[in-house]
Each structure stands twice: as structure tokens, then as C-alpha cells.
Amino acid sequence: MQWMSPKEYEKMNQKASPPTPVWKTVPMAFLFGGIICTIGQLCSMLYQNLGADLETASASTSITLIFLAALLTGLNVFDKIAKIGGAGCLVPITGFSNAVVSPALEFKAEGLVLGLGAKMFVIAGPVIVYGITASVIYGILCRLFGW
Amino acid sequence: MEWLIACGKAFLIGGLFCVVGQLLIDYTKLTPARILVTYVVSGVVLSALGWYQPLVDWAGAGATVPLTGFGHLLAKGVREAVAEKGWLGVLTGGFTATAGGIAAAIFFGFLVALLFKPKDKS
Amino acid sequence: MPEKVGKATIKLGSSPSVYAFAAVGSKKEEEGPLGKYFDIIQQDSFFGQSSWEKAESQMQKQAVSKALEKGSLAPGDIDFIFAGDLLNQCTGSTYGLRELEIPFIGLFGACSTMAESLGLASLFVDCGAAARCAAVTSSHFCSAERQFRYPLEYASQRAPTSQWTATASGSVIVAKDILPPYVRSVTFGTIEDLQIKDANNMGAAMAPAAASTLIQFFEDTGTNQENYDLILTGDLGFVGSRLFRELTAKKGYPGVAEKHGDCGLMLYDRENQAEIYAGGSGCGCSASVLCSYILPAMREGRLQRVLFMATGALMSPTVVQQGESIPSIAHLIYLSAQPWQEKGEGSSWNG
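Chains as they are written, first to last, in the working numbering: chain A, 403 to 549; chain B, 101 to 222; chain C, 11 to 361.
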């Protein structure tokens, strides 16, 4: 198509495409993210009341949230909540859990090893790769310069 | 009363972290996986600069539950392991500190995948 | 006999007849405005199978079987079948049709496959290579999601420009016969690419192909939108339809907008059905709208001349991840309630 340049077309596209309704998505993200973190806070305080120290309580809280998100993913509910909550469900550790569980569930059809096992980290894998890499670089800096 | 204030702080900071994520999704077209990566790496960096720990002290779960908290945990683990074990700590610190969360995600993921079935959206 | 007209149009002198047709859909398609016109609706989108890929194959098989049944034909009566779908290696077709033992020609044209397969089937019949040919395509929301996007249970929000892959299939049987509608000509499109890279905006990627093919057809035949009742695009959706109308208007056909309809906007009710966003998409979208609503309307004489133009985004997730843009294609089938005449009315392109 020689009578239309990609640049000009992109302008037309911008005009024709409806914008994301940020006035809805952003408050929802705040609300859902806030609620998930509040549940986390309540868990953490409960575990501390039961005698755990802060660090143990914090780790147990993460594990609890990971479990809940995994279960809701299995029950076909998490994606429906996240449809409304958006980043409010994605950014907390629940989003990481969902990113691990959903491909495992989806690709079970291709077998327990090459499906479930191999595909489990197709989405969440990069989080581990870049998280660990960043931490190792930081560790080297710590060791060399006593950061 | 104290617990209510703690929850309010967690709600506020946790909510704000998610607002930033939502703005990134809506305005930058970054895919969700990229946003998760950005959060974890930012957490490592913020923690390394010493800025994240005060936030955790103030907001509790509001700072530890978002994935930046995961990054903070990685950095904190490495920092402590290096002090304790030297060079070996550089490699073991991150995974050791986050082992619980990662193992939980893998194990629960495995269980859920075994027990449930994906469903069509309707 | 087929005769080339202009640059890309082939006139089918014997006017092959679209003899029988059938559409299969699932729950969301039933809830849409065209739900009641489908031949088969399966509430269970697994179609009684154990995987989404198998479900899609089953759906495609049902579409062909139903069309055969409606035409009182057996699989052995079909000389060749042209089929395709969105999945890698076209597994929806190969596994769905293997038991029928009809000589098989697998096609990939993304969502344009219905026009591609119908065009080739008509050509085979017109040139005498076959007495009867079948054309079928399908798409399934779940098998497409897991191949092109995310796992079903993954928590992603969809962009307002994204489209919903139809869980649907349509099949037609083309024969030398005397039942309307008739295929008067086919126009094969060129690959167009205006550098759209957003996989969540397929409509924008495909609109240039639709505009280009339509304009080519107008130039080849010396006609314009006034000669037709309906210009039906495949799955441009809301965004793509707007762009298609703007593009054709820019090129001197502002009247196209009044005759234009889009299968992606007809299959679902965007306002009242959840998650449709910019409209329907997928091979099954245009195929099922054609077979459930358009072809019956033509047979009953409610529509006389229709330009059916299925549009396809020839997207590979791998190559798009490498930074490439999304090329697209559109093929046009000129359907008419009247066959070509020797002379007088119905003997020329614009009469």
C-alpha cells in the first residue's frame, strides 16, 4: 500500500482506538492492592500474636497469600477478580503465584513433565532470573565495597 | 486501635504500589511479565540504597507484599549472607531468603495444577 | 471457466453454487445477536473432548458433517476439501477432518481462511477439476488464547482494542448446481503491512489489507459500492472498521461506509456481552457469520450482492517478539443471488 505511510496510519490508529478507562482501572488497582496488603497485614499480626517473630510472620504471610492465590486460580476465580482489580492483583505476591499456577494448570494437557513441569515458569521465570541476578550483582558490590 | 492504624498504612502503601503498576500497564503497554520483573529489580535496587527498609518498618505488609518486597527480601538476604559467609553468601543469600515463597509457589502450583482444570471464560 | 480480470480478480464464468452450509458455535455465540441462526450450538466449549485443540477439531468436524447432511451428501461425494484454522500446523483441520477421508488441502490464511478456502473451492469447481468441493474453517477461544496469549486462568486485563476469538466454525459446500447464492468472482489480496506491532490491536493491523483488496476489486471490475448490497469484512472489529472506512474514503470511495458491515461486530453484542471489547475475531468469526446469517439471507433473496472479505492478521508470536510488525491479508468473494447471464441483465459487472 503505497498511498499511505505507516506514520500517517499510526496517527489514524491513535484516533480510532478507544483509550483505556484509567479513571476506572487506577482506583480499582488502588482498592484491590490495598485490600490484599491489608489481608497480609492482618495475617502478619495474627502470626505474631501466635508467637512468631516478625521475620517468620512476614514469610508465613507471603506463603499464605501465595496459597490463597493458587487456590483461587485453580477454582477459576482469580482471573475474574483480576479482571476488575488489574495491577491491584498483579503487583502483590498473589500475581507471582497466579503467574506460576496458571501455566502449570493450562499446560497439564501436554503432560506432567513437559507440560506442567516445564511450562510452570514461562511467565514468572523472568522474575526469578532478574531478581536473582540483581541480588548477586548487589552481593558482589557488598563484598567488594562493603555496601 | 494500633492494629487499625497498621492496616491503614498497609492499605495505603500497598495500594499506591499497585497504582504505579496500573499506570505502567495502561500507558506504557508493558506486558505484565515485564512489570513483575521491573518491580522485583526495583525492590533490589531500592533496598540496596537503603530506602526500602524504612518503608517496611512504616507500612509493614504494604511494603512486603508487593513484588518490590520480594526484591527487598533478595537484597536483604544477600547483604546478611555476605556479612556472614563472604563470597559464598553472594550466591546463596538471595535464594535462601526467598526459599519459602518460591517453594510455596512451586508446590501449591503443582498441587493446584494436578487437582483442577482450566475453564472457558464466559 | 475462470478468467482473469484486471490484476487480481478471477471471474468464475460458470457461477459455482454455494450449495450447502452450516455454522457451529458455543455459548457466547449463542448469546450474541446471531445465536438463533446457528445450526449447532454446543454449551460445553470442550465439545465433549479432553483438550481445547481436540474440542476445536470436533467442532470443525461437526460443521462439515452438518453441511453434508443439509445437502444430503456423504463425505464420498466431495472431491476436495479446503480447510484451515489458527493453530500451529492447522491441527484443528487435520485432526478434525482425518476420518472423513476426503482429499484434503490445508490452508493457512489466519482469519482470512474462510474467503481463501471458499475462493479456491469455487475455482476448482469452476474450472471443472471438481464437481463438489468443501471449504471449512474454525477458531476456538481457548485454543487460541493458550497459543497466542496467556493461559486461561492467568490474570491479565485486556486492552480496549483487543478482540474476542470466536469459538465457532463454518463450512460450505460448493457445487455445479442451481441453488443461490453463486460465487461470481474471487479476488486474492496482497500482503499489507502498515507497521502495526500491537498484538492487542489486530483490527488496526488488518484494515489496510481489507481496504487494499476492496479497492483492487473495484479497479479490476470498474464497479463501486453502489453495485452491492453489503460489503462484509471478516473481523476488523470496532477499531479496524473505523480505519477501513477512513482508508477507503481517502482513496475515493466515501460511500463504502454505508454498505459496510463487519462479522466481528455482528457476531457479538459489544455493549451487553462481557469482554468482547473491540469485537469478535478468529477464522470462525467470519465463517460462522457467513454460514449462519449471510448465506441463508442470500438464498431467500433478502440479500442480492455481497462482497465477502475475510481479513487475516498473519501474526507469529515468535516474530512479533523479535520486534517485527503484523502483516495482514484479505481475500474477496463476490457472492450473488443470480448467476452470470449470457447477455442482458446479470451479464456485466455493474448490471
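The set of hints was computed from the structure by calculation and includes no laboratory data. Bear in mind the structure is a predicted one, so any value in this text is a computation, not a measurement. Even glycine gets a Cβ: it sits at the ideal position worked out from N, Cα and C. A couple of the hints might just be wrong.
[Said to hold, decoys possible] According to the in silico footprint, chain C covers these stretches of chain B (three or more CB under 8 angstroms from chain C): (1) 107 to 119; (2) 211 to 221.
[What the hints assert, rightly or not] Beta-carbon label-pair distances, calculated as ranges: (3) B:Thr128 to C:Gly356: 38 to 48 angstroms; (4) A:Glu412 to C:Glu285: 18 to 28 angstroms; (5) B:Arg134 to C:Val329: 36 to 46 angstroms; (6) A:Lys409 to C:Gln314: 35 to 45 angstroms; (7) A:Glu412 to C:Ile201: 14 to 24 angstroms; (8) C:Ser335 to B:Glu180: 44 to 54 angstroms; (9) A:Val479 to C:Glu41: 13 to 23 angstroms; (10) A:Glu410 to C:Arg168: 38 to 48 angstroms; (11) C:Ser335 to A:Glu457: 45 to 55 angstroms.
Going through the hints against the structure:
| no. | hint | verdict |
| --- | --- | --- |
| 1 | 107 to 119 | violated (count 0) |
| 2 | 211 to 221 | holds (count 4) |
| 3 | B:Thr128 to C:Gly356: 38 to 48 angstroms | violated, 56 angstroms |
| 4 | A:Glu412 to C:Glu285: 18 to 28 angstroms | holds, 26 angstroms |
| 5 | B:Arg134 to C:Val329: 36 to 46 angstroms | violated, 19 angstroms |
| 6 | A:Lys409 to C:Gln314: 35 to 45 angstroms | holds, 41 angstroms |
| 7 | A:Glu412 to C:Ile201: 14 to 24 angstroms | holds, 19 angstroms |
| 8 | C:Ser335 to B:Glu180: 44 to 54 angstroms | holds, 48 angstroms |
| 9 | A:Val479 to C:Glu41: 13 to 23 angstroms | holds, 21 angstroms |
| 10 | A:Glu410 to C:Arg168: 38 to 48 angstroms | violated, 27 angstroms |
| 11 | C:Ser335 to A:Glu457: 45 to 55 angstroms | holds, 50 angstroms |
Comparing the model with each earlier hint shows violations of hints 1, 3, 5 and 10; every other hint is respected.
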